[in-house]
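K.L.:
Please arrange chains D, L and F on chain P, whose structure you already have, making use of the hints.
Protein chains: 4
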Amino acid sequence: MRTLITILFIICSCALSRAYEIPTEGGKVHNISMPGILMKGDRNYSVYLPEGYERDTLRRYPVLYLLHGLGNTNTKGWVERGNVETIANRVIAEHRATRMIIVMPDAGTGGPGYFNREGWPYEDYFFQELIPYIERHYRVQADASHRAIAGLSMGGGGTLVYALRYPEMFAAACPLSALVTFPARSGQANGGSAIDKYPQVRAWAESAMEPENLPLDLINQADETRLDAFRRVRWYIDCGDDDYLYEGNLRLYLLMKEKRIPMQYRMRDGAHNWLYWQSALPEVMAFVSQAWADGKGN
Amino acid sequence: MRTLITILFIICSCALSRAYEIPTEGGKVHNISMPGILMKGDRNYSVYLPEGYERDTLRRYPVLYLLHGLGNTNTKGWVERGNVETIANRVIAEHRATRMIIVMPDAGTGGPGYFNREGWPYEDYFFQELIPYIERHYRVQADASHRAIAGLSMGGGGTLVYALRYPEMFAAACPLSALVTFPARSGQANGGSAIDKYPQVRAWAESAMEPENLPLDLINQADETRLDAFRRVRWYIDCGDDDYLYEGNLRLYLLMKEKRIPMQYRMRDGAHNWLYWQSALPEVMAFVSQAWADGKGN
Amino acid sequence: MRTLITILFIICSCALSRAYEIPTEGGKVHNISMPGILMKGDRNYSVYLPEGYERDTLRRYPVLYLLHGLGNTNTKGWVERGNVETIANRVIAEHRATRMIIVMPDAGTGGPGYFNREGWPYEDYFFQELIPYIERHYRVQADASHRAIAGLSMGGGGTLVYALRYPEMFAAACPLSALVTFPARSGQANGGSAIDKYPQVRAWAESAMEPENLPLDLINQADETRLDAFRRVRWYIDCGDDDYLYEGNLRLYLLMKEKRIPMQYRMRDGAHNWLYWQSALPEVMAFVSQAWADGKGN
Amino acid sequence: MRTLITILFIICSCALSRAYEIPTEGGKVHNISMPGILMKGDRNYSVYLPEGYERDTLRRYPVLYLLHGLGNTNTKGWVERGNVETIANRVIAEHRATRMIIVMPDAGTGGPGYFNREGWPYEDYFFQELIPYIERHYRVQADASHRAIAGLSMGGGGTLVYALRYPEMFAAACPLSALVTFPARSGQANGGSAIDKYPQVRAWAESAMEPENLPLDLINQADETRLDAFRRVRWYIDCGDDDYLYEGNLRLYLLMKEKRIPMQYRMRDGAHNWLYWQSALPEVMAFVSQAWADGKGN
Chain P
1 MRTLITILFI ICSCALSRAY EIPTEGGKVH NISMPGILMK GDRNYSVYLP EGYERDTLRR
61 YPVLYLLHGL GNTNTKGWVE RGNVETIANR VIAEHRATRM IIVMPDAGTG GPGYFNREGW
121 PYEDYFFQEL IPYIERHYRV QADASHRAIA GLSMGGGGTL VYALRYPEMF AAACPLSALV
181 TFPARSGQAN GGSAIDKYPQ VRAWAESAME PENLPLDLIN QADETRLDAF RRVRWYIDCG
241 DDDYLYEGNL RLYLLMKEKR IPMQYRMRDG AHNWLYWQSA LPEVMAFVSQ AWADGKGN
Chain D
1 MRTLITILFI ICSCALSRAY EIPTEGGKVH NISMPGILMK GDRNYSVYLP EGYERDTLRR
61 YPVLYLLHGL GNTNTKGWVE RGNVETIANR VIAEHRATRM IIVMPDAGTG GPGYFNREGW
121 PYEDYFFQEL IPYIERHYRV QADASHRAIA GLSMGGGGTL VYALRYPEMF AAACPLSALV
181 TFPARSGQAN GGSAIDKYPQ VRAWAESAME PENLPLDLIN QADETRLDAF RRVRWYIDCG
241 DDDYLYEGNL RLYLLMKEKR IPMQYRMRDG AHNWLYWQSA LPEVMAFVSQ AWADGKGN
Chain L
1 MRTLITILFI ICSCALSRAY EIPTEGGKVH NISMPGILMK GDRNYSVYLP EGYERDTLRR
61 YPVLYLLHGL GNTNTKGWVE RGNVETIANR VIAEHRATRM IIVMPDAGTG GPGYFNREGW
121 PYEDYFFQEL IPYIERHYRV QADASHRAIA GLSMGGGGTL VYALRYPEMF AAACPLSALV
181 TFPARSGQAN GGSAIDKYPQ VRAWAESAME PENLPLDLIN QADETRLDAF RRVRWYIDCG
241 DDDYLYEGNL RLYLLMKEKR IPMQYRMRDG AHNWLYWQSA LPEVMAFVSQ AWADGKGN
Chain F
1 MRTLITILFI ICSCALSRAY EIPTEGGKVH NISMPGILMK GDRNYSVYLP EGYERDTLRR
61 YPVLYLLHGL GNTNTKGWVE RGNVETIANR VIAEHRATRM IIVMPDAGTG GPGYFNREGW
121 PYEDYFFQEL IPYIERHYRV QADASHRAIA GLSMGGGGTL VYALRYPEMF AAACPLSALV
181 TFPARSGQAN GGSAIDKYPQ VRAWAESAME PENLPLDLIN QADETRLDAF RRVRWYIDCG
241 DDDYLYEGNL RLYLLMKEKR IPMQYRMRDG AHNWLYWQSA LPEVMAFVSQ AWADGKGN
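Protein chains in written order, with the working numbering: chain P, 1 to 298; chain D, 1 to 298; chain L, 1 to 298; chain F, 1 to 298.
No wet-lab data here; the hints were simulated from the structure.
None of the hints are false.
Identical copies carry no separate label here, and so any pair may be met within one copy or between two of them.
Heads up, simulated DSSO-like pairs for lysine-lysine below, C-alpha to C-alpha not over 30 Å straight-line: (1) LYS28 - LYS259; (2) LYS76 - LYS40; (3) LYS28 - LYS257.
If we strip away everything but chain P, and leave its shape as in the complex, we get:
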């Protein structure tokens, strides 16, 4: 009886709201900013704080850094298109993942993205300012075995390079539909004109073309000690069978197999779009949760 009355009230509220959907309870996404020194000016970011964060004031949480793609920002991306709040609440509610903080930084809509360029020391900002800021301002388990990174497309490339440059910083890394290889490597002559036309693409492509930002080179040049560091990161790589970025991802898979770097690889049905990334996110959250639970090096 009481259930039914409750239902009626829910229906009433819904009928008056825009859409007949029950809002998920649980964590919330906050869109805010932090002061930036290296990047000269405030930097926006979004942060998902899980259910109970306000209440359990002694509890500390692991952190997933979640990177957006080219043309997106911290809000236009995982927050608005990726439905991160609803998905994270569901996955945590069904106990497939642990309660975590998800930090979504802003690498700009068109600029050079996640790598350092003159006047855009983004990678330095990420490791020297963003991570420390998050660990000072939120109740975070501030060590590598409770930190993970994931991202899509250009942010998948960022995920790869960050975790290959600083493997000791992350328990797990999950590049999704990642930009692994770049036109410049095999087709600069023809690609050049396209790059010239659009200055923001040029800025991004130039930073991505630097040898130190090419994931396959970073793996190829690694010695055994370095490879061992890569092997201690848990990798989860996912790229759809209809994604136009398939080639770089498969070259990555073949190279990691050759170098005996353990990884999980998925080629599910799908293309380079939000349907794919929305369905990848629960797997990523479960995967990093298990990595955190097992501890590094398991």
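P.N.:
Here is chains D, L and F on its own, set in the frame of chain P:
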């Protein structure tokens, strides 16, 4: 080489668009309207026409009628929140479902919904005007074995009642998170005040409370001949384990088991929201495709 | 090159073995026995020890107790039909679950099963002898927050009753296709003859019919303190839409909803068979791993 | 009430049988043989006939040819390890696939397998004797648009080569964990000794090494007309991320992309074993059903 240049051009276009996502090729959703006689005035509807519809001018297609929930319309619902175009294109591209026309009618945001009321002969409109209109204006396989119906929440209730009232009209019926039972049945005294407060809920509740619109009653009162007609429809029922409408759906399951009406039932993890319905739609499309392929009565 | 030679050798070995399947590396199932006092004589059990158990001699592991169904034993059941070794190795290798010990006891093929009867003090044996024996003889994390229980059919009933009788003993409980209600409750008169015919069924049914072994009664009779204890266990309940035991499971779901005992419930497509249980096991392993990771009471 | 009595009887019967599992109703696998002319002597095969085959004596069915791997036979393979009867019954019962006949031929445990060799004209037997025999002796829809082929490992290689040699014979082809490339191509010198040791592997490797049996060569050498024929087959390729045959499968994917041959490709979690193939079979059955429903060339 050519692939890589292509990629660069795609990236360029994306960088300039709002979001770095490759648009799906394939079918398109059109939001239009049709003249209404019974309903006195034009009625909006949305229609998804699959890839190739314009080109293969001799080919005819099966039709899925897809109903929205309370507080939604034809556009605010499956089209905007449900991502129907992208999902349908993907499911068809991966050959999990056949090319189909999907018709999404508009039953109003707050009114009495899918059932007949004074001044709102919606069910009559649906069967006497909408279906014939669609079958005249689109290249449709205009028979019951190529017609199916599905819907969510209030539209799941509509799906149920329509398929129970006209079982000979549909090869398959797929109520999702359906409103199966109503407060009025067991808690009218207390529910009444809530109904009084919001006139649009009152209008809807009154139509839903009519004995002829109660799915469980329709099944309970059916004789063997009628039950046989129900048994020839292929049913796919889906309601999440955290959906507040679980009780009506489980009573439906138990009753159909008792009456030996074969059905598929899923209780996946999830609640009453678009995450659930977006992940249900591919299953629905595959299910109705197989029903059409097998023909009625298999 | 070396890869290809390796392949050839693998193929060679396979061609000479019975089936062309690469054996999974990883943990192993051992079929052994332990001395029994209460049960008067040795009791068989099977135990899955994960990859690395022999090597990492300081590491301790959480334990999943996994119960068989009526007519099975520790070996004829999860080991032979359920493919537990291969599945557990896969799920752990892909990091969906943590490395765990899985203990599969033997409750007899036809006898009274998991409950105490005259001359068959099985429940006492389970809690007073088996669990302590396992915790003495294996490197176990010997506390409730690293212990879970699951089982199928009659073993699902055992799982339910054990976790309801000793909720403080388990972090998680996962009844699969569980025998929740019994004929005796509503149809003793007619059911009696069937029971009379087969003595082993009689023995089992009599123990299951005892009021203290009826899961729904245990929940109905619980006061708030007791219900709170139930709420601290993480429940994962799974019963297929074509399983003939659907009714008891759905009554359990409805009762747990009424009593506000949080649970995960799945009704996937399927019936009362090993296909269903084999596909349930990875979910169970992931679910209990997350429960162990989060600690009790999260 | 009657349900409960029924349950008791089911339980009784089960308690007396070896395992507490309800047998699936539906189709049956028959292990039989047919006279062989080319192969000089009777050839065994297994055939799954779907529910209703005996009863609906006018109905004709589409056919899936399902090939075993090296070291298996028609029975030791899909029938015994692959659980084909139970899986096919489930997938058809839930309407994910249409009722079909599944033919599982015997290509020998160690011999040259699916290709023609001196004294082993297997491919000729397959197309000139087996298919015609099946179409004469069973109620089959005996045309290419109702015929499909699938197989695992060595049978995946057979599937590929058969569908590339006779693309006009099959609506769909589904190689699973397929043997696509062979050691001989890049490592004959070292591989040779292994081949020498085991005569049955030598026989098989020699037939597989023939240029006309190398799938990648068949695609590379095809002109546009031939490629168009390949494009009309619906391809579903599946190979786990831990399968040691990943390289050949990925080379196949890259080549088909380059040649614009549409395909579905899956890299799920898993290795070269029956867990993987059992979970692939429902997808294969659904995929070929949709191909048959749509007709060739859609």
